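Asks: As you go down the protein sequences, you meet chains A and B in turn. Positions in the first sequence are counted from 1; adding 14 to them yields the working numbering. Positions in the second sequence are counted from 1; adding 414 to them yields the working numbering.
Please note that a few of the clues may not be correct.
Claimed, not checked - As a list, the in silico BS3-like pairs of lysine-lysine whose alpha-carbon atoms are at most 27 Å apart:
no. : chain 1 : residue 1 : chain 2 : residue 2
1   : B       : K627      : A       : K133
2   : B       : K626      : A       : K108
3   : B       : K627      : A       : K136
4   : B       : K541      : B       : K551
Read the hints as simulated data drawn from the structure, not as lab findings. Everything numeric in this text was worked out from a predicted model, so none of it was measured.
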Amino acid sequence: MKGEQALTGLKVLDVTHYIAGPFCTKLLADYGADVIKVEKPGEGDGSRRMGPFLDDVPDPEKSGLFLYLNTNKRGITLNLKTETGVKIFKYLVKESDVLVENFSPRVMPGLGLDYQTLKKVKPQLVMTSISNFGQTGPYRDWKATEITLFALCGQMHKIGDPDREPLKHALSIYQYFAGEIASLATVAVAMRSANTGNGECIDVSILETMLGDIDTMINTYDYSGDKGTRTTAKNYPVYPWGGFPVKDGYVSIQGVGGGERWMPRLFTMIGKPELKDDPRFSTPQNRVKYRDEFNVLLYSWLIDHTKQEVFDEAAKVRYPIAPVYNTEDLVNNPHYQERGYFVEIEHPRAGKLNYPGAPFKMSEAGLAIRRPAPLLGQHNREVYCELLGYSEHDLSILRRCGVT
Amino acid sequence: MRKGLLLSNVRVVEVAEGWAGPLAGLLLADLGAEVIKVESINRMDMERGPGASAIQTGETSLFYPSYPGGTLGEKSWNCNAYFNACNFSKYGVTLDLTKSKGLQAFMRLVKVSDVFLSNMAAGVDEKLGITYEALVKVNPQIIYLTATGYGRTGPYSKRVAMGSTIDAAAGLFGLRDYGDGDGTAVTSDPHADSISAETCAFAILAALYYRKKMGKGMFIDASMVEPSMSHIGEAIMDYTMNHRIQRSLGNRDMSMTQGCYRCKGEDEWVTISISSDEEWQRFTEVIGSPAWARDERFASVLGRLKNQDELDKLIEAWTIHHTKYEVMNLLQQANIAAAAVLNNADVYSDPHIRERGFLDVIEDPDAGVHTYPGRLWKLGETEMPKRSHSPCLGEHNEYVLKKIAGLTSDEILELEQEGVIGTTPVV
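Isolated chain A, as found in the complex (with noise of 0.2 Å):
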């Protein structure tokens, strides 16, 4: 079939706002699921408000988060704190095989939508739910942003200089992660459920997410009782590793700790092959100790190149290094061009953008751009009279009560 996609076929219902939830349904719907997103009436997703804005224009249709996270999704408004609401929900998770959601736990029950109740409207439903902390335990009702899970998963006391407080990651990563956790556990399940029939709800929580990334807290100190300590390229054990200065910024240096057959590559590249034979540095245990003496050859060779110079130069040698990109240097290198991994999108509002496009490249079936991220209710008239039957009286009705 033309323009048949990898999920082309698998529908979604989805109630998500911010960053993991809607990241997990962009995922779907740019690999072809049919994706319908709820908004509530007036306001819509709050990643509406987040910014970046097109211009620093404050807008909820031009919402640089928000327009990314939303492609391919049809968009529509139900106030699900209304009765009506609630039961047209109903009839569109009847039209679903998956539902995803991210409120803080409480909030579908709340509403009368938890899991056993969906069941009993439509037994084969997958209902994926993110939280921040999971739908059981004794945090579950705690608030968290991105920092506070960070700091809980044990990793945040890891990164940063030991001498200074412990330091957050970049941006939201986690809640992308999680999300993506969420969409491959999703697709699974939905599998089984065509097969089988059998319905399903999954947990995930953002802060388990983090835990099973695999900078390995929990095993490392069950093992050894290591409690984990800042690094840098000051302290790391392993030299060199880690960030280190050049010409025009940084350049990110593996050292590959176990691996001496690397060393010699790094000194070429350096133009002093002879260090392999230097007792100071020919060690992993003595590179640590002359860690100074190292240094000023290294940062001499590495202040007269560009990030760019060096990384082309290690690329001769193969030498793990790469050049610390700003957003800038990924927009214009002409490697992510050749991939064609910017894509351009219109929007009616926003205009032509280029977004980040596909995560991976499939020899057919992949990533399609249907549509950009839908206006808030854009798709009311389509979702609630042509799949629901509703006629465009009953949905002026449904606005004017507060309903849409």
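Guided by the hints, dock chain B onto chain A, whose structure is given.
Replies: Relative to the frame of chain A, chain B by itself:
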């Protein structure tokens, strides 16, 4: 609760090492796929740690924290905490793919599998003769995923990469500093490995969904850098919309009063995020409504952001008199997002994680009984089987080669004698 698996009819052949590839295989195994991990006694998964020669030279001391008791014991390659956390429930088989008999046996596995998952560096597949073109001849419906640092096309396609260099090349590293742009004050971070893993798993599931509909396999080119960029969407959009290059704000936030503050004790910290006037009001009540809290400069969201240097000192003057847990509990009771910065030991005994039943206790034949992070999702209606231990090197040679690849006992013995398979690393 029903018992059962999700991907009960999916068999995956994994030729992967380190974190990203094996973690992708683990996500599939955790969903119930049968994952066969292929290594070689000449080239085992590097995450097992060094082989015999490196042990003699003492090269491994840097990694002692990941071995039982912090020391390197016998059969250390079966005892590495990192390896043992990334490979649960997989069958472990050794096959030297540089030898023709190894490659033949491997192709027999491919023939009866659904998915080939690999994170070998670009070019290794050609060297070994296990390209998509070679595998699809044996199994026309195969889903073939290759994960490399920068992807299989484009000018960087042959470049060496690790999770912590991709962290830089994808823009994550540059958005993580104390807000002063000093790139030497933070370490490289391998989180890109995890992003790659989940992306590979999602890609494979999407391909399985497609194959079920259309009866066709496919080739998947998964870089590590592209999915990592997809996790900083708002910063990229700010550049494409406004030509603004976003910088790290350290622990601060654009719209909240947020920071990490020193508490009572040695290297003890708490994070606090205050997002609204109401939360600010509740915060000042919790800390005993000191006079400075009524200062005009702190009376609005904008004022608090503008004067945060001073405000941070005042907040820390309060937190320093309390333990991180006291601050967390007091503020969470007032519905304010505060968290103790937990170290490995704190996480290990955290009551919420324990009560959720998140942790798995698993016995390895050589490493013993240990506690690990569990599956990253909970199912309400299905009881998934308990995970089994990560395989020892070559642990399932006999089972996999006989029952799955269909080799005879004689053929297996021959492979053993010729050093194609084994259970002890050669290096």
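Asks: Flag every earlier hint the structure violates by its number, smallest first.
Replies: Going through the list in order, the structure violates no hint and respects every one.
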